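If you read the sequences in order, they're chains A and B. Quick note on numbering: my numbering labels position 168 of the first sequence as 168, and the sequence is numbered without any gaps. Just so we're on the same page, my numbering is the position in the second sequence counted from 1, plus 320.
Simulated from the structure, these hints should not be mistaken for lab results. What you were told as hints is all true, and nothing was included just to trick you.
Pair by pair, the computed Cβ-Cβ distance ranges are:
1. A:GLN22 to B:MET495: 15 to 23 Å
2. A:HIS269 to B:THR445: 49 to 57 Å
3. A:GLN186 to B:ALA339: 47 to 55 Å
4. A:PRO255 to B:ARG513: 48 to 56 Å
5. A:ARG20 to B:ARG513: 24 to 32 Å
6. B:LEU343 to A:THR83: 48 to 56 Å
7. A:ALA17 to B:ASP602: 30 to 38 Å
8. A:ARG20 to B:SER463: 35 to 43 Å
9. A:GLN22 to B:VAL414: 40 to 48 Å
Only a predicted model underlies this, so the values are computations on that prediction, with no experimental measurement involved. Just so it is clear, CB atoms sit at the ideal spot from N, CA and C, and this is done for glycine as well.
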Amino acid sequence: MLLEARNLVKRFPVRHALTRRQAGHITAVDGVSLDVGPGETLGLVGESGCGKSTVAKLLTRLERPTSGSIHFAGRDLAGLDETALRPVRRDLQMVFQDPFSSLNPRHTVRQILAGPYRYQGLEPDQPAEELLARVGLRPEHADRHPHEFSGGQAQRIGIARALALNPKLVVCDEPVSALDVSVQAQILNLLRDLQEQYGLSYLFIAHDLGAVRHISTRIAVMYLGSIVETADRDALFAHPAHPYTRALLSAVPLPDPDLEASRERIVLHGDLPSPLDPPGGCRFRTRCPKPDELCAAERPRLRTIAPGRQVACHYPERTP
Amino acid sequence: MIRRLLAQRSAALALAVVAGLVLVALAAPLITWIAGSSPTAFHGDAVDPALGGLPRGAAGGISTRHWLGVEPVNGRDVLARVLYGAQVSLLIAVLATALSVVLGTALGLVAGFFGGWVDTVVGRTMDLLLSFPSLIFMIALISAAPGVDRRLLLVVVLGFFGWPYVGRIVRGQAMVLARGEFVAAARVLGASRRALLLREVLPNLTGPVLVVATMSIPGYIATEAGLSFLGVGVQAPTPSWGQMIATAVPWYAADPAYFLIPGAFLFVTVLAFNVLGDAVRDALDPRSQRR
Ligand SMILES: Nc1ncnc2c1ncn2[C@@H]1O[C@H](COP(=O)(O)OP(=O)(O)OP(=O)(O)O)[C@@H](O)[C@H]1O
Ligand SMILES: [Mg+2]
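Same shape as in the complex, but just chain B:
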């Protein structure tokens, strides 16, 4: 599968971008140490109070000390904040995906395999969650829970509203697989229900689950950025791309670099994950090859 994935040029590029991002996010402490910056330190000398706190120098104050410039007013280092922001954004998206995959696979598998009332309950719950105005609900829920770590809260809320997307696909597949002759063969051999679910059906779901997981990561990154932009996501001083973009909006005319840098990171990341998700789906498509 990996070989087929890399055979697509766009996929190889997207994979490289994603790998690079993960690497850079992981190496954030190392890179900021080399650059001699910190995501939280204020640099009053890098901004010009006479101009309302605009960074001194061209392109948002890009210099050898601040490679991607500084924030207006308080002069925090943009590179450090973008890198630590990548850590936060990616971690939230990956954990929310993990939560929705675990919930969606478990519930979708049971619903599709057993049918009957289990399926009715799980199916209705998924319909309800999918038709919910979840963004409004997330905003309300997060605002109404003070004192909880926002990052944890985001993971839980995103995962909770996201599992039906996984569950729907797993349920459909499990329904087809449950009728398959290899499941009947295992039943004739005396397999328990647990063995049927875990040993016979589950391994056949890894492909579709991998595809929804890859495709849902960019959505979570974008939603987290959106919530942080709206002020209900990650809170300062913890950096996040959405939150950086939100604070940059009033400055877009005077200091476009401050807006463009986190915006570009967000755009490239979401695009790369989307391309990768499509490529994973193509690579697993049984119609395009024999696995």
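Chain A extracted, bound-state conformation:
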């Protein structure tokens, strides 16, 4: 495996609004383990606020995990300081959700694309024009500022910057969510082409299954800070085992209108519980269509129910 994260936990202190004293903590990531292999794309899916971005920030060490380990390139990144992390960062890059706020508005594209080499103390390996060509932009774009671009073009610049150091793994945190629907497919295709060309691995984060369907090899589904199911892409779409995965899947539009009209929709009731005060036992039980006493008493662990397939549910759907 290229990346092996084990039992990652991240707690943030919560402060009282008036006194500024710590009033407790929020567990944004609660024991997440995941693997990404070479050339593979792991899709990470879950509702807003379930902790996807926090996972991305832990893996890229923008945040320090409260506990857990991150094995990457033969080292545990969890406890490394910034100096020790610097060389590792060449292999581990990130693409951000908002293409504009991730580009310094005061820099030209040329300055932005020189950043990777400069911050690593390297001689520029690729001129800006070359990096722009990789992502389908023209050489004359190099001397413009970010605000002169469309969202899709700006995201291409963000991708070019992430690829400048020839990384092995790129964490993409909802890279197309902020873009027009018509542009989303272009960026997804670009990411796929680049993956093939440079042998990249991706951790691809999205808030619905539809967005990761075409790019992922495997998929992990997150709910309230934890992973509830992981499976190969096709297996997950064909036979979702966790009731939450089933609900997410029923929200993905089908290409065939007859199938779309006839299929069963699972609508989740209630709101996402507050991560400040998660339910005891199974965290999904407040919205699950079929909870019982066991679900209230005991939290299901993520267990392997078939090769390459793990579920955190006391009563998973049968898979063939």
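Starting from the known structure of chain A, arrange chain B with the ligands on it as the hints suggest.
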């Protein structure tokens, strides 16, 4: 930005006034040479001892020899003193601004970016200085330091009490910028803290810093004039507008021109800088345009 600035008519006018003033102040030796006057030479013949030293002639002794008249009693040339006074006033204001911008930007940037105890220390210091009765303190401090060049002392004292105004704004901006995704992107690339501060955050502060700097210049000009008026600013024979106004006050009825001329210069200068400061802020306002 310059184009947007000049599109506002009042701003273009204010800029012209400021540029004219700077030019005239710089050219003070040349202008006084042409006019054949000096800021320190006494002209006993231009005043009338019988009238208690009142300038001879109309409007404070305006004549072809003394274009803006002469001072009562000692007969020094008012034009020369106003021009050299402009040099002194502008230089003190600009240097005090430079000092407060450097201090305020450096401390505000570090406080806003790193937060934590650094922010607590810098923040409390700024609160303290801002709530201080600084004018009284300046008067006490300057009076208690004899033998030091008053101009230098004014720059240091004005800059020291002025940096929290810059620091407060820079701190707030740096706090917002530090959370920005482009800073996170630079961190993922391995940027050092120094690079984050200087290459990523600092360039985004030039706009707000430029605005506070332009807006603080008139304040310093007025404060310097006030201190000189109170007798703790620039000392004769070095001229300054505030000091000229102070010496003109007892003469305001007999020789109003002596009071009005430096007063008008002070008023126009402060007004022009204020208008310019507002215009710079408008021109940089992201809501009114895409930069
Ligand atoms: N720095 C922080 N301090 C305190 N709480 C935080 C912090 N960052 C995230 N959280 C909390 O952690 C939880 C998970 O946030 P996160 O941004 O990881 O969610 P997400 O799945 O990426 O959501 P979205 O789809 O909206 O991007 C949220 O409840 C959020 O409020
Ligand atoms: Mg997110």
